[in-house]
Amino acid sequence: MGSPAVPNLTAPHPTPSGRRDLTTLPKAHLHLHFTGAMRPSTMVDMARTQGVRLPPHLLHIDAASMPADGRGWFRFQRAYDSARHLVRSEAAMRRLVREAAEDDAAEGSVRMEIQADPTSYAPFVGGITPALEIIVDEARSASRDTGVDIGVIVAASRMKHPLDARTLARLAASFAGDGPGDVVGFGLSNDERVGSTAAFAPAFRIARRAGLVGVPHGGELLGPSSVREVVSSLAPARLGHGVRTSEDPALLRAVIDEGIALEVCPTSNVHLGVYTDFSQVPLPTLLSAGATVALSSDDPLLFRSRLVAQYEVARDVFGLSDEALADLARSSIDASLASPTRKAAWKADIDAWLAAKPAP
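According to UniProt numbering, the sequence shown holds residues 1 to 360 in order.
To be clear, the hints were calculated from the coordinates, so they are not data collected in a lab. All residues carry an ideal CB built from backbone N, CA and C; glycine is no exception. Treat the hints with caution; some may be incorrect.
Here are the computed distance ranges between Cβ atoms for each label pair [as the list claims (entries may be wrong)]:
| # | residue 1 | residue 2 | range |
| --- | --- | --- | --- |
| 1 | Arg144 | Gly211 | 47 to 55 Å |
| 2 | Leu163 | Gly126 | 16 to 24 Å |
| 3 | Thr129 | Gly18 | 46 to 54 Å |
| 4 | Pro16 | Ala106 | 16 to 24 Å |
| 5 | Ser232 | Pro123 | 29 to 37 Å |
| 6 | Arg253 | Asp334 | 13 to 21 Å |
| 7 | Gly126 | Ala198 | 31 to 39 Å |
| 8 | Lys357 | Ala198 | 51 to 59 Å |
| 9 | Asp45 | Asp81 | 13 to 21 Å |
| 10 | Ala355 | Thr285 | 23 to 31 Å |
| 11 | Ala106 | Arg53 | 28 to 36 Å |
| 12 | Arg342 | Arg205 | 39 to 47 Å |
| 13 | Ala352 | Gly211 | 17 to 25 Å |
| 14 | His161 | Gly211 | 38 to 46 Å |
In silico lysine to aspartate or glutamate, EDC-like type, Cα no more than 16 Å apart, as pairs [to be verified]:
| # | residue 1 | residue 2 |
| --- | --- | --- |
| 15 | Lys347 | Asp334 |
| 16 | Lys343 | Asp178 |
| 17 | Lys357 | Asp21 |
Go ahead and model the full structure; you've got the sequences and the hints to work with.
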């Protein structure tokens with residue numbers, strides 16, 4: 001196999017004069033998929049080692065050059081599946097967790113919540129229980145070594161039978177805790193247009209009884225009606241994405257009043273063709289309504305954009321001040337599933353970031 005060029009993640013933009021450095025702003029990264037957290041260089045290295053030829057659509061990703069109607073879920077899922085098929089060993093799984101923690105540490109993340117469906121990796125490590133054990137064990141080790149507090153979210157897939165979700169919920173319950181590396185939440189991912197949301201309610205009840213928090217996807221590919229179904233059926237504490245709540249002011253108010261946070265991933269929205277460009281992402285609408293928003297990157301490998309880039313969108317596209325960006329970081333920590341003690345310490349660090357004078 002030839003040696004393809006290693007695609008680089010979008011580097012943080014230079015900090016404008018008079019503004020504080022966003023890479024030093026303490027923040028929580030709450031919407032991050034396991035395979036999607038892989039470094040592009042790691043993907044290329046794994047492919048070369050396994051003798052796998054990577055498809056062009058995975059090596060060269062540039063949403064800006066594609067018309068909005070040429071983007072979308074199918075293209076994304078095809079790329080994700082190609083990358084996931086490279087993760088075929090315990091060593092590969094540990095490498096993904098470790099490097100994700102290192103990358104978040106470099107961007108000022110103090111909390112990272114990484115979500116995974118262990119069934120995707122089970123065939124290569126002896127089953128779903130060993131797969132989750134590997135993720136949890138490496139998350140604990142990486143938390144200790146990098147200083148990033150890591151929580152694990154077990155996510156069922158809409159593409160699979162709801163009974164599979166119940167099995168995952170029981171497995172997640174056995175690893176539940178509030179320490180670094182523990183399983184803290186239960187999610188529902190993949191194409192939200194597929195299947196019946198209500199059919200997954202029993203799995204979420206199993207998770208809740210074990211103290212796990214519901215964090216399903218909803219409100220990106222589909223609009224307000226989907227959000228209502230997710231909220232009524234699954235009783236979430238957070239919505240993965242949730243940006244389409246902005247289309248229904250009454251729904252948005254209800255979500256806010258119920259204390260449901262939104263994991264907003266601007267780059268994902270643009271890459272999947274939900275919005276034509278960043279200016280259409282309804283972040284100002286959500287913030288002005290009082291929503292608890294946690295900016296996140298979703299799948300850095302596939303979108304070539306990490307967490308700091310989402311804060312740069314808030315700063316450069318929507319004109320948010322450093323004070324408003326600090327509020328966004330506080331909001332992300334509020335929405336995290338970390339302990340109150342750790343949240344308080346991180347918020348004090350945000351206050352210190354804001355109190356410091358920006359570099360000339």
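Outcome of the hint check:
no.: 1; hint: Arg144 - Gly211: 47 to 55 Å; in the structure: 23 Å, violated
no.: 2; hint: Leu163 - Gly126: 16 to 24 Å; in the structure: 22 Å, holds
no.: 3; hint: Thr129 - Gly18: 46 to 54 Å; in the structure: 53 Å, holds
no.: 4; hint: Pro16 - Ala106: 16 to 24 Å; in the structure: 20 Å, holds
no.: 5; hint: Ser232 - Pro123: 29 to 37 Å; in the structure: 35 Å, holds
no.: 6; hint: Arg253 - Asp334: 13 to 21 Å; in the structure: 19 Å, holds
no.: 7; hint: Gly126 - Ala198: 31 to 39 Å; in the structure: 33 Å, holds
no.: 8; hint: Lys357 - Ala198: 51 to 59 Å; in the structure: 53 Å, holds
no.: 9; hint: Asp45 - Asp81: 13 to 21 Å; in the structure: 19 Å, holds
no.: 10; hint: Ala355 - Thr285: 23 to 31 Å; in the structure: 30 Å, holds
no.: 11; hint: Ala106 - Arg53: 28 to 36 Å; in the structure: 30 Å, holds
no.: 12; hint: Arg342 - Arg205: 39 to 47 Å; in the structure: 28 Å, violated
no.: 13; hint: Ala352 - Gly211: 17 to 25 Å; in the structure: 32 Å, violated
no.: 14; hint: His161 - Gly211: 38 to 46 Å; in the structure: 25 Å, violated
no.: 15; hint: Lys347 - Asp334; in the structure: 9 Å, holds
no.: 16; hint: Lys343 - Asp178; in the structure: 13 Å, holds
no.: 17; hint: Lys357 - Asp21; in the structure: 10 Å, holds
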